Structures are given as structure tokens and as C-alpha cells.
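Novice: Now for the letters of each chain:
Number of protein chains: 2
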Amino acid sequence: MISIVILGTGNVAKHLFDVFWGNKEINVLQVLGRNKHKLSYFKDKVDTSTDFSKILDADIFLIAVSDDSVAEVAQFLNGKNGLVAHTSGSVPIAALGNKSRRGVFYPLQSFSEGKPIDFKTVPICIEAENEVDLKQLQKLAQQVSLQIHEISSEQRKSIHLAAVFANNFTNHLFTIASEICADNDLPFSILTPLIKETVEKMGCLAPFDAQTGPAKRNDIRTMESHLNQLKNKNYQDIYSLLSKSIKEKYGQKL
Amino acid sequence: MISIVILGTGNVAKHLFDVFWGNKEINVLQVLGRNKHKLSYFKDKVDTSTDFSKILDADIFLIAVSDDSVAEVAQFLNGKNGLVAHTSGSVPIAALGNKSRRGVFYPLQSFSEGKPIDFKTVPICIEAENEVDLKQLQKLAQQVSLQIHEISSEQRKSIHLAAVFANNFTNHLFTIASEICADNDLPFSILTPLIKETVEKMGCLAPFDAQTGPAKRNDIRTMESHLNQLKNKNYQDIYSLLSKSIKEKYGQKL
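Protein chains in written order, with this note's numbering: chain A, 1 to 254; chain B, 1 to 254.
Just so you know, these hints were derived from the structure itself, not from any lab.
Some clues are possibly wrong.
One copy or two, either will do: identical chains are not told apart, so a pair holds if it fits within one copy or between any two.
[What the hints assert, rightly or not] Result set (DSS-like, lysine-lysine): computed pairs, CA atoms no more than 27 angstroms apart in a straight line: (1) K216 with K231; (2) K139 with K231; (3) K233 with K244; (4) K43 with K249; (5) K54 with K43; (6) K216 with K45; (7) K244 with K139; (8) K157 with K120; (9) K233 with K14; (10) K216 with K196.
Just so you know, these numbers come straight off a predicted model, no measurement behind them.
Only chain A is shown next, with the shape it has when bound in the complex (with noise of 0.2 angstroms):
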């Protein structure tokens, strides 16, 4: 059994919990956060506690908050045995401090308030300073999720660096597309099944060899008519960017 204590109340230390709660090998101790409020959530089930002095002792201390608060809220947990790990893409494992065991549990998803996710498909980023820690962040990981990597820090960089690509600036684009659909007394829905599709074909074709439209084409005429369509300067601006990179990219290796 591992004991855990969850430093954060946000919606990666409620989607952890979550996984936690119903595993008989995971046993967590108590959530800390500053906040009353997002703390009663968990109240009913485990400690919990405001007062970052009174951690409890654990195998295993997580810390979900903020990119900017892990190194402050790391300090509460100097001179502890247990390991302590991060949650975060972005945060090197030293942001932890030098004086515990340190190491990171990232689930590599984008969570939201109120959404269930099938933990057993997240991909798990591990990182730890020696074979111990390391596997005592696999044996917990094992539990929750079918997909674990070993990631360095550096790696990790580029994963969330990649990730802002594909799932931020992604929504953006429906975001501009659902206006576009509205502006035009179009239910967004039209368009699900093509995004879908765009996402299956994931599987069996890398989005290198997926690319079409008129960029690709270097259909002009299309491309002109879609940029007078554009009303909003920034969308415009994405249009072209976006249209020159892909031109520039097929035109290169065709």
C-alpha cells in the first residue's frame, strides 16, 4: 500500500484523488490547499487541512498547484523521508529544492471541472534521481494508468511544448471556426464529424501525410477568397501564417 498526501485542490489534484480514492493499493492521508472552499470537496473523505506546517507523513507527497507555486509550497516539505513529486509539464524537478527526495508524476492530459477521464489511457511522465524513487513513482503510477514513460526534465519541456500546439492553439481554431460557423447561421455540430475524422486518421496516417487544403495546394485563388471572407485582423493574420508555413513545408520537400 502507498500512503500519499496531495499538496493543491485544483482540478489535477481532484482528478488524482479521484483515481486514488478507488484503488485498494493507494491509501491517501490528507489534501492540503489555502483554500477553505475547493478544500470541502475532499473533507468527507480524507484529512484535510489549510496549514501547510501540519503535513502529515506519507510514501509519497504530490504536488498540484500552479507552475509558480510548486517551489514555494515544495518548502513546506524540507526534511521529509517521503518522496516528493510534482504534477506539473513544465516545471524542471529541480524547482523541488535540494533537501528531500524529489521526482514528478506528470499525467499528461488536459483536465477540466465536472469531466470524468479514463485515467487507464493518460500517459503517466515519471522522473525521479534514482532507480529507488523511480520505481516507487512507476509502482503508483501502475496503479491508475496503462501508459507510463520515463521523461527527463528537458523532455518534459517539450512535451508541454507540444502539447500548447496540439490542444491549446488547436482549440483556438475551432474557436475561430465555431465564430465563423455562428456569424453564418451555422450550428457548429456541422463540423464535428470532420474534426473527428481529422483526429481518427491520426491513427493510421502521420498528420505530415494527412495535410490537404488549399495551402497545400497552393490553391491562390481559394486562398484569397477566404482571406476577404476574414473580417477580424488577428484571424486574418492566423490564415496567412498558417497557409505560408504549410505552402513552405510541402513546397520544400515536394
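Using the hints provided, position chain B relative to the given structure of chain A.
Specialist: What follows is chain B alone, placed relative to chain A:
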């Protein structure tokens, strides 16, 4: 029973042929195309011809050729009694000339060679110039899909533009993400669950509300670090511009 002649031999023509062929209410009489090799896909099942002066009579003529060739191919159908419909997202109905009954039968999906599509989920956007013709296109669409939308040429232009953002540009962002992964010895598949969740989320959350990431939070330190990691000038520009667009969108509304 609706009789059909298909003009064109590309991916759209093939996918339409395949779904029509399996349907008892639809009789595909002929497929025409300039390229003999491409016609061979159809020739065991149906009459084929490279000679556009020998088009059989039918209820509906479906023009599934490249956008630039629609008008030219339509001319071969002058004087026919059947309804002439093209299958393009970006070509106006007027491109079909004024010597026949005109319509549009646009399946809003990205069709790839050799990858079957569940046509029942493909939105079919139809347009015609009178009730009789519209009903005929409706009847055809109902045979193959559960999602039929009556869409004007103007709206179709907007859908096509929205689809470029939601499909072509999104795919390019996936290409960039996969390059970042490859450059750092990471499998692109590590991002698949995140990408799937980004898309799945749209079922319960509008993309505007689902936005997350450093640009939304105006997390300047992370954005600077990301820009430093990118070596490709286009990718740096894309990062900056999309971040700017997200910042301004949420800055205005907060």
C-alpha cells in the same frame, strides 16, 4: 429508384460511388473521367467512359472533380433533363452555368484514399433552386446520411473557410507537435489521449469555454521559454500570433 451518373474519379467520387453502390434505392449508371487508370476502380461494376460527349441520361448528375474543373465539366451536361449537382465546398451553384437544373450535394468530410467512412455521420449540405430539385437531393442524401442540411452557396463558402481552420490548420499544428516530439525522442502517440480529449470535450463545452494554456493565463515566463525552444521561424511566428490572438480574445472578455 434514383439513377445517377458520377463525373470524376477522385476520392470524393470513389467514396460516393461506394456508398451509392451498396444502396438498393440508388442506381449508378455510369462513371466518367479523363484518366483511364483511375476509371479502372469502377469498371467492373458500372459503365465507365473517358468520353464526356457520351454521358448517359440520369435523374442526377454528380460532378465530383477538382474545384477548378467544375464549370468546364458542367458544360458537357447542357441540355440534359436531369439535375446537375456538384460536390464542392467552395464552388457557387452558379458555376454550373445556366443551361440545366442546378444543385449542390456537398458531403462535409475529408475523404482519404482507402480509408472507409461511416457515411451515416457525414453532414450532406444540399442546395437547389426550386422545391422539386431540393426534394430530389434530399431523397438522395437521406439514403446515405442521417445529417442533411439545406445550405446556401454563401453559407457553404463560410463552412469551407471554417473547415480550413478546424481541419487543415489543426492538422498542421499536429504536424508541428509531432516534429517537436521527434526532435526530442518522444513518440507522437504520447499526445493522442490529450488530442482526443480536446475534441471530445467539444461535446459538452464550447471551444471558447474550453480554452486553457499559457496564453489564456497570460503566463509570460512560460511563453518566453516556449519561444526559445522553437528553432523554426514559422513555428515561432505561429506561436506568437496564436498566443496574441488568444490573449486578446480573453483579455477583452474578462
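Novice: If a hint holds in the structure, say so; if it does not, say that too.
Specialist: A quick look at each hint next to the structure:
no.	hint	result
1	K216 with K231	both (23 angstroms within a copy, 22 angstroms between copies)
2	K139 with K231	neither (53 angstroms within a copy, 37 angstroms between copies)
3	K233 with K244	both (16 angstroms within a copy, 12 angstroms between copies)
4	K43 with K249	neither (53 angstroms within a copy, 37 angstroms between copies)
5	K54 with K43	within (16 angstroms within a copy, 79 angstroms between copies)
6	K216 with K45	neither (55 angstroms within a copy, 33 angstroms between copies)
7	K244 with K139	neither (47 angstroms within a copy, 41 angstroms between copies)
8	K157 with K120	within (23 angstroms within a copy, 42 angstroms between copies)
9	K233 with K14	neither (39 angstroms within a copy, 39 angstroms between copies)
10	K216 with K196	both (21 angstroms within a copy, 24 angstroms between copies)
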